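First residue of the sequence shown? That's 1 in the UniProt record's numbering, and the numbers climb one at a time after it.
Worth flagging that the hints you see were computed from the coordinates, not collected in a lab.
Result set (DSS-like, lysine-lysine): computed pairs, CA atoms no more than 30 Å apart in a straight line:
1) 168 with 103
2) 181 with 78
3) 168 with 148
4) 115 with 103
5) 103 with 152
6) 168 with 152
As the structure is a prediction and not an experimental result, all values here were calculated from the model.
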Amino acid sequence: MKSHARKSQPTSSRGRLIAATVALIAAIATVSVWLSQRNSSADEPASAHAPAARAPLAGPGGGNTGAVGALDKTFLTKVRQAGLWEMPAGRLAQTHASSEAIKRAGMHLLEGHSKLDQLAREDSEALNVPIPDEATAEQQGWVDQLEKARGKEFDQIFVDLLRASHGKIFITIGEVRATTKNSLIRRLATQTNNTVQDHMEVLEDTGLVTDATLDDVASTVPK
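Please put together the full structure from these sequences, using the hints given.
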């Protein structure tokens, strides 16, 4: 009996060892699967779990959209021709004026209409709307008048002509901005409005704007 008991003890120990080994292998396998799933989840880009981003909406007035009307084409021509005589007038102010305020107004004309002229030419090409390369005969006559004047005479003629022309186009700008269906013309009208407003203010700062000039502008306002 004693001999039999001694032989069964190693067999029992081997069984426990095998059971422990199987349990350990199972535990290792479980941990390996868990780690694999965790790493796989971590490697996924955040965008896979995030909601899809919305496509950006086009901003108002972006690009060239909308029909171009007859008034739009007329306005484009007026902006172009305004620059063709007002930029020369601004240059003449630097050499013919007696007042620093007039010279300052002339510089505003040069800077403002240089930018507007470029915008008008770009819009003309984009819209396939032809614009002139010369001022009107009346506008060229104003430039000739300014070229012949000097000193205080030049100052007054300069203000009379420029304040009247800016006041009249200012009325047209409002109508175009309010009614145009085209995004490029809308942008041009907005920029022209800001530029003309600035020019009227620097002309008024000279102290030479007369009631007669303002009455002339008022006579062109549609009743």
